[in-house]
Amino acid sequence: MKKTLIERTELTSAASSITFSSIPADFTDLLVVTSLRSDRVAATENLVFRLNGDATNQNTRLLRGDGSSASSFTNTSPIIGILPTANSTSNTFDSSSIYIPNYAGSAAKSFSADTVSENNATTAYQHIVAGLYNDTDAVTSITLTTSNASNFEQYSSATLFGISS
Amino acid sequence: MSDTPVKVVIDLSKPKGQRETIVALTADEIAERDAQAAQAETDRLAQVAADEAKAADAQAGRDALVALGLTEAQINALIG
Chain A
1 MKKTLIERTE LTSAASSITF SSIPADFTDL LVVTSLRSDR VAATENLVFR
51 LNGDATNQNT RLLRGDGSSA SSFTNTSPII GILPTANSTS NTFDSSSIYI
101 PNYAGSAAKS FSADTVSENN ATTAYQHIVA GLYNDTDAVT SITLTTSNAS
151 NFEQYSSATL FGISS
Chain B
166 MSDTPVKVVI DLSKPKGQRE TIVALTADEI AERDAQAAQA ETDRLAQVAA
216 DEAKAADAQA GRDALVALGL TEAQINALIG
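Same order as they appear, the protein sequences are chains A and B. Residues in the first sequence are numbered consecutively from 1, following this note's numbering. Residues in the second sequence are numbered consecutively from 166, following this note's numbering.
If we strip away everything but chain A, and leave its shape as in the complex, we get (with noise of 0.2 Å):
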């Protein structure tokens, strides 16, 4: 297996979204490796992870620790996981991960992730996702955002990597 860098990027202001557009069909599957930090004031923000735009089609299951206790639940819309906002430990960025295979075939995706919000306190968020995006074309764009309609602080970062055989 080997893993290949396609794009990283990390941001020099507040932006709303990352989106890696025309990803190329070259690799079996994809990686996604996030460094993200919302500006929201509030106890948490949600991170938001679409498939070629699409806010519908997408359903996962998470399992959830915070610190005290666990649960777990399912979601229709596309949150994966909780991130750090202006209310968490000054400078930690959530530590994200999510693995796309067989990205570029016919078949419904499937996709995994593990995500961690970090936050020097009793109260972090700890996610497990299976997810499917429930279509059949290629998927060709990754947009990462957020679903209270705030931003990614400066220094968020996203990696994208492609993984073959």
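Worth flagging that the hints you see were computed from the coordinates, not collected in a lab. Even glycine gets a Cβ: it sits at the ideal position worked out from N, Cα and C. Where hints are given, some of them may not hold.
Residues from chain A that face chain B, not an exhaustive set, calculated with beta carbons under 10 Å [claimed, not checked]:
no.: 1; residue: S13
no.: 2; residue: I18
no.: 3; residue: A55
Chain A regions said to be covered by chain B (calculated; three or more residues, Cβ under 8 Å) [stated by the list, open to error]:
no.: 4; region: 1 to 11
no.: 5; region: 115 to 121
no.: 6; region: 126 to 133
Partial list, derived from the structure: chain A residues whose beta carbon lies under 8 Å from chain B [unchecked claim]:
no.: 7; residue: S17
no.: 8; residue: F20
no.: 9; residue: A43
no.: 10; residue: N46
no.: 11; residue: N102
no.: 12; residue: S106
no.: 13; residue: S147
Using the hints, position chain B against chain A.
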């Protein structure tokens, strides 16, 4: 200085070094973003209500078992 939110687009069809553009959101995109935020808050409140209802049901069930004469240890052995 504008407060219009921006998005970062990395077009992988372009050569390295020319891929990244920063684009101001359109009025439609801002409206969609605000609508999603409203929906997210609705979903959050619904989840909070569901969690509270579940916790209340769990406590009511536990109280009913106590009323039947079970000890806390017996209840914990049954349902954790």
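The hints, checked one at a time:
1. S13: Since the shortest Cβ distance to chain B is 8 Å, the answer is holds.
2. I18: Given a least distance of 5 Å, the restraint on A:I18 holds.
3. A55: holds (8 Å)
4. 1 to 11: holds (count 4)
5. 115 to 121: violated (count 0)
6. 126 to 133: violated (count 0)
7. S17: With a minimum Cβ separation of about 4 Å from chain B (threshold 8 Å), the hint on A:S17 holds.
8. F20: holds (5 Å)
9. A43: violated (11 Å)
10. N46: holds (6 Å)
11. N102: violated (19 Å)
12. S106: violated (21 Å)
13. S147: holds (4 Å)
Comparing the model with each earlier hint shows violations of hints 5, 6, 9, 11, 12; every other hint is respected.
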